[in-house]
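Based on the sequences and whatever the hints tell you, model everything.
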Amino acid sequence: MTSELRQRIYQQLASVELIDPHTHINPLDAGSHTLVDILGYHYYTELAHSAGMPREQIEDPAISAKEKVGRLIEGIGPIDNTIQYSWLIDICQRFFGFEGDRLDASNWEALFDSSEAQMADAGWSDEVLRRSNVKSVFLTNDFDDPLAGFDTAKYVPCLRTDDLVFHLGKPEVRQRLEAATKVSVGSWTELREAIGVLFEHFTTNNARACAISIPPSFAPEPVSDGRVETALDAVLKDGVNSDESHLRALSHRIFWTLAEMCDQYELPFDLMIGVNRGVYPTGVFQGQDLYDSRVSLIQYQQLLNAFPRVTFPISVLASVTNQELASYAWIFPNVVTNGHWWYSNTPSIIERDAAHRLEAVPRTKQIGYYSDAYKLEFVAPKFDMYRKILAKVLEQYYVIDRSWSEERAVEFGTQVLRGNVETTFKIS
Amino acid sequence: MTSELRQRIYQQLASVELIDPHTHINPLDAGSHTLVDILGYHYYTELAHSAGMPREQIEDPAISAKEKVGRLIEGIGPIDNTIQYSWLIDICQRFFGFEGDRLDASNWEALFDSSEAQMADAGWSDEVLRRSNVKSVFLTNDFDDPLAGFDTAKYVPCLRTDDLVFHLGKPEVRQRLEAATKVSVGSWTELREAIGVLFEHFTTNNARACAISIPPSFAPEPVSDGRVETALDAVLKDGVNSDESHLRALSHRIFWTLAEMCDQYELPFDLMIGVNRGVYPTGVFQGQDLYDSRVSLIQYQQLLNAFPRVTFPISVLASVTNQELASYAWIFPNVVTNGHWWYSNTPSIIERDAAHRLEAVPRTKQIGYYSDAYKLEFVAPKFDMYRKILAKVLEQYYVIDRSWSEERAVEFGTQVLRGNVETTFKIS
Amino acid sequence: MTSELRQRIYQQLASVELIDPHTHINPLDAGSHTLVDILGYHYYTELAHSAGMPREQIEDPAISAKEKVGRLIEGIGPIDNTIQYSWLIDICQRFFGFEGDRLDASNWEALFDSSEAQMADAGWSDEVLRRSNVKSVFLTNDFDDPLAGFDTAKYVPCLRTDDLVFHLGKPEVRQRLEAATKVSVGSWTELREAIGVLFEHFTTNNARACAISIPPSFAPEPVSDGRVETALDAVLKDGVNSDESHLRALSHRIFWTLAEMCDQYELPFDLMIGVNRGVYPTGVFQGQDLYDSRVSLIQYQQLLNAFPRVTFPISVLASVTNQELASYAWIFPNVVTNGHWWYSNTPSIIERDAAHRLEAVPRTKQIGYYSDAYKLEFVAPKFDMYRKILAKVLEQYYVIDRSWSEERAVEFGTQVLRGNVETTFKIS
Ligand SMILES: [Zn+2]
Ligand SMILES: [Zn+2]
Ligand SMILES: [Zn+2]
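Protein chains in written order, with the numbering used here: chain L, 1 to 428; chain G, 1001 to 1428; chain Y, 2001 to 2428.
Covered, in the sense of this in silico footprint (three residues per stretch, anywhere, with C-beta under 8 Å from a C-beta of chain L), are these stretches of chain G:
| no. | region |
| --- | --- |
| 1 | 1295-1307 |
| 2 | 1352-1362 |
A partial selection of chain L residues facing chain Y, derived with a Cβ cut-off under 8 Å:
| no. | residue |
| --- | --- |
| 3 | W330 |
| 4 | I331 |
| 5 | R352 |
| 6 | A355 |
| 7 | H356 |
| 8 | L358 |
| 9 | P362 |
| 10 | R363 |
| 11 | T364 |
| 12 | I400 |
| 13 | D401 |
| 14 | R402 |
Hints were generated in silico from the structure; no laboratory data involved.
Every value quoted in this text rests on a predicted model; they were computed, and no experiment measured them.
Ideal Cβ placement from N, Cα and C applies to all residues, glycine included.
Right under this line is the structure:
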């Protein structure tokens, strides 16, 4: 039903091989095994839960994969309007030959069985990548990930640092750090050394980014050596019960140190700004986080000025922050707009956020999209949603409103979709 | 001039009989008597005032209905672009056979006279409901409303609680409470008992919701028995001049108690979040309130977690809060999106707010619209504005962008427009 | 590629002669001399810098105009997607006969030479006005501008007051004030007298507005005579190092005094709300400012109530504030919406901001656009961008969605584009 112009732009964008610059794929187990790996994605469990399905029923540890899928199908009717549901149907059609537009009691079981047989193939993950037109995906690795046993050109490591910045008060995090680095962390000097070991390990293994997700209240600033020593002493002694001021000082200094390491090791530092964790603590797994949209990039003013050589691909959780993101990317050479994150990853929001970035940010400084997928099968439907919106925006705001040629629009879309991933993360 | 597809979707939505889940209709005097009841609506007086008409001229108590309409017609030219003006013309055309598209010196007087004759008919209110395709409307009842003398199936009671939560410092409010409940309010135990009597009274009389409008700074939290006793003592003694901390503690505890009663009596609790009262104190009647858009639903985190069995249909005054509303409804089972309120009740805002809700919130958890009308004649034009926008969004984001069938789009729209009102408020 | 309807609306809007109600034109040197005056505009230097061009290269004082243009052309490729780039191409096509859609190494030099010859004509500025269909432009004059040597009907003075409100702590500002007014500023009485002299000077010279740009944290309130005397004493003694509370008290009182003078001299007071200066201090000239979008018009509640006879044309920097702006203009008689400022001056933002104003604010209280230009050549492409968007919004939201006639839509657009500039600023 879309115009022929939009369809042509879309088709040309769809032919571009993708590099997905942010996922949570497990490279040792990248594809799904049964439909439960698809339907168990938090988008379906949390939406079904929100629509009335009890958590106990969803998260019952005693049931089989098949039974769990059966239960979720029962609870999923009320969410068939959502864009997330459309990803599910896309996957079933694209990979498993499903022909309907809704999964229900009448058809899910046959699909479960036939798809399970397909996924059992040893080459399934590669088959998914091939059919999705995807060359490689970025990972989200814990800092103590050995990064072993997979092809880091296809599954590109990325150092995730939330634990270091926000959870070093927990003894188990410090123990993991010491185990991973062989550095005993008793002083700031040692802690800094340990962080350096992590960067050495990651960059040696083809890591292409450092990344972190950040609550709306965070406003990083430099912390002196003396202050961080005091803070670290307190945290080593009292852990998560340390005074808030000590925990904050330590967080800020570790964060600052990560930026220094990114500078030294020439890694982009992905900032994902705005999430409040555990707002709904009795929600389903991964369905408990929300946000306060009252956040500003002015909180990052000092950081952006202090590290002119570090590239900061920035994602924002709330669409209201998108204009600031575009404006900061328009002024600061080291700010790059990055994808459409989580609660902003729905069509009407992407449409307006993308439209503004495209018109206001240098074309070289926009990473159009990442899938944030946990299983490979989700890369294709999510990127396809984005490509359709990108085609719509290019059609309406460029070819129609600004009289661009179709070729010029496609060239621009291609750069945002693929080219800038290569240049920003130095993928050859 | 709209597409045939959009017109077909619209026509099917227009055939759905409506239940209006929030109005300020007086059930004993529901329809209008002369055009002054239409033109006296605050939207016209405040916009005419904003465009230059002095308040004294508008609110002169010495003039007749007809003279007041004549004066307003003189001042209303500069607002003929607004969507509110379009409701006025819709009413004049729909109910009174008006054929123009602007009211002016040349035509208002004839219309005043002919419409007055029509409205004098004893069955006028029912006629308006019939022509508007409306089955029933929810009311906004003061807590001491006797709820007598009308059909509560057609005019559904709703307990409005602003006075209890925000104005109990005023002696007249406490006197009204004591008079309505026959409970002498000298202690927290008694105050709580009095509130219980109100819920008993309202639910016995078919009330279907408890409701409140809330300033942006409000952040409810539980208050202990000891603390509320101290606060109430202070407020009984010093009234509205009590220390701010006492007034706040009492507000919070009464609010919390309302939520407990909603749980006990199985009433949804409508929260209308974001209004600052009296920002422009010399404005016309009901044209003095504005807002601060810096508000977050994170302020309601504790409440939403504490009352999992209470349904909270939430309205937000500023469009910037709409994404949070959709996200909270996507995660919290007890949050339902509710209508498009006041300063967000204009087409371009509704279009983007509705588009995001439709794509991100379970289809069962969205109440599309309420009219907020003071007179029955406004239900039809306001809902019609919404239906047209809903048809536009369903056409563009679903049938065109996502290849939905027209039937599926209409079914979805119908649920949002009508079905969810029935299920949320338990209308049989 | 736009519809015929939209083109017809646009053509009719394009035939309206313009008055530009806010620019930074130098009336003694209004047009450009070479392409460097065009390409040196901060939009191009800051975007090229953001895309990777070093500031030193851009701002090298040792190079010629032509060499600078050559350098900028080298760095400008990555911004050819931006709307700002489209203004550049529009200028080159409109005024200099350029026929391409991109400036590059192959064509800039010929254009530089041929355009320089054109601009050398003594009547160039008038020629630009004529070809741009512009009758007059408002200026932004320093408070000590002699306002001499130009036709104030064509170049309309406007008193810019940022220095008075925010920089009176600097000795050079006080010296400029004393030199301009012949009043020695040693007390509040004298300072107030000096401000009065400025208003006398400006209104005598056909000034049509007082204007100021304001940071997001500003929340003006009245300050007593005693308090401002203390504050001024401190500031006269310690300058910019005075205690923050003294600087703020003085700012607030001067600001309040400007409003009083606007009342007395019947000047509109343009408020441009939301800019943080120097966020990126190592950015290029005029490319260092950004913002915090967390600002509310509730901060201006006292002011708007205190000065009912002063018209406040208000611009907001962040689009999120646009709904508040429209709501405040809908309620307060003295608030007028004014243009689309700076970071909100891009098509997708203007489209949604304008759509909401048009539907919610009295038609007499909306100033559609101003160019903010530093050189006359920019007035035409910026207004043309706006006219195209205005035509799009009128087509879609009025003629299509609301069944307005084309004539009515054009009439409304014309008032917003031109008529309201005349009435608001009393241009005969
Ligand atoms: Zn992620
Ligand atoms: Zn209401
Ligand atoms: Zn300006």
